[in-house]
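Protein sequences appear in the order of chains A and B.
If you use full-length UniProt numbering, the first sequence corresponds to residues 1 to 191, in order.
If you use full-length UniProt numbering, the second sequence corresponds to residues 1 to 191, in order.
In case anyone wonders, no lab produced these hints; they're calculated from the structure.
Lysine-lysine pairs mimicking DSSO-like chemistry, simulated, CA-CA at most 27 Å apart:
#1 A:Lys183 - A:Lys159
#2 B:Lys14 - A:Lys14
#3 B:Lys42 - A:Lys52
#4 A:Lys14 - B:Lys13
#5 A:Lys13 - B:Lys38
#6 A:Lys124 - A:Lys162
#7 A:Lys51 - B:Lys42
#8 A:Lys51 - B:Lys3
#9 B:Lys75 - B:Lys122
#10 B:Lys3 - A:Lys52
#11 B:Lys162 - A:Lys21
A short, non-exhaustive set of chain A residues, derived as facing chain B with CB atoms under 10 Å:
#12 Pro16
#13 Ala37
#14 Leu50
#15 Glu61
Here are a few chain B residues that face chain A, going by a calculated C-beta distance under 8 Å:
#16 Tyr26
#17 Ile40
#18 Ala41
#19 Cys60
#20 Ile84
Backbone N, C-alpha and C define an ideal beta-carbon position, used for all residues, glycine too.
Number of protein chains: 2
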Amino acid sequence: MIKSLENLIGSMKKLPGIGEKSALRYALWLINNSQDAKEIAKNIETAVNLKKCKICRNLCEDDVCDICLDSSRDKSTICVVETIETLINLESQHIYNGVYFVLWGLISPLEGIYAKDLDLDKLKENAQSAKEIILMLDDSIEGNLTAQYIIDMLDGNIKITKPASGIPVGYNINSLDRLTLQKAFQNRIPY
Amino acid sequence: MIKSLENLIGSMKKLPGIGEKSALRYALWLINNSQDAKEIAKNIETAVNLKKCKICRNLCEDDVCDICLDSSRDKSTICVVETIETLINLESQHIYNGVYFVLWGLISPLEGIYAKDLDLDKLKENAQSAKEIILMLDDSIEGNLTAQYIIDMLDGNIKITKPASGIPVGYNINSLDRLTLQKAFQNRIPY
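Hey, can you work out the whole structure from these sequences and the hints?
Written as structure tokens, this is what we have:
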């Protein structure tokens with residue numbers, strides 16, 4: 001195969017979940033759509049220069065992100081998320097008016113990710129001027145491990161909450177698993 | 001959302017079969033893996049400068065591709081394929097020693113692709129010095145339409161063949177469709 005096509009396929013295959021076949025398909029599409037391809041290459045080169053916000057680790061073009069700069073946001077509530085996917089998702093729903101802290105990962109001894117890799121010192125510093133920390137983390141081993149670490153780290157000096165577990169709106173009760181139903185019972189609320 | 005992230009997601013979404021969610025996932029992966037991302041961008045920029053072989057329309061870095069330049073290849077047999085995926089696939093199997101002609105599409109009046117869009121004049125020219133044309137095209141309406149057009153164009157002056165239809169090696173006979181079985185019967189060969 002031609003070297004430059006082989007190189008392109010090889011590098012596309014590094015994208016998460018992309019195998020040989022998809023990489024080839026994308027590579028050929030890019031070659032056939034050179035205008036779009038050049039735009040993608042240019043946008044990649046611009047985007048890799050994005051920085052992490054000095055305060056909350058959100059992605060931003062300058063030192064501090066728009067959310068942290070926005071005076072209408074409630075700085076006393078910090079929502080801790082694993083990735084900026086969650087931040088972007090929450091922002092697009094317009095349901096939260098506090099600020100964030102992006103961990104860019106979870107503690108996972110199996111994958112060799114420890115507390116020291118997560119920049120938790122900065123979270124601790126931010127927490128000093130806040131009233132509430134919402135731990136919006138996956139209900140997984142890693143998520144719970146990280147949550148527990150943060151709870152221990154903040155040492156009872158601040159209110160720490162997590163999102164409610166229960167029946168998703170509009171779901172058929174019979175399609176839900178035992179654990180979700182159990183949590184929905186435990187956390188039942190008055191009408 | 002940050003403009004440069006939005007731009008990257010927007011351009012990644014143009015890739016075939018990539019939706020909003022995958023585009024976001026890839027974009028964030030690229031930002032998090034800036035070394036790989038820069039490599040992808042560089043490889044895209046190199047690959048879009050690939051040319052089409054003057055003889056067979058295969059992709060190549062110079063004017064004529066390696067296959068057409070290879071003196072050990074049988075120039076009297078031309079295998080006509082729709083895309084270079086097929087060419088790459090056949091080449092990786094080492095089962096064919098002739099040359100190719102890449103159509104970069106099939107006649108499809110529904111999609112507004114007509115014979116004039118397929119560079120068939122060059123195929124006609126190449127066919128003059130060949131002994132056999134193998135039409136390795138999909139058994140679809142578009143594939144058959146294109147095959148028939150080529151057969152008419154070459155006007156009985158050359159042997160034209162297509163790959164055999166039948167039972168794939170190792171397949172369970174009972175899992176095959178009626179049409180395949182029918183073709184396997186019709187084209188039965190002596191032991």
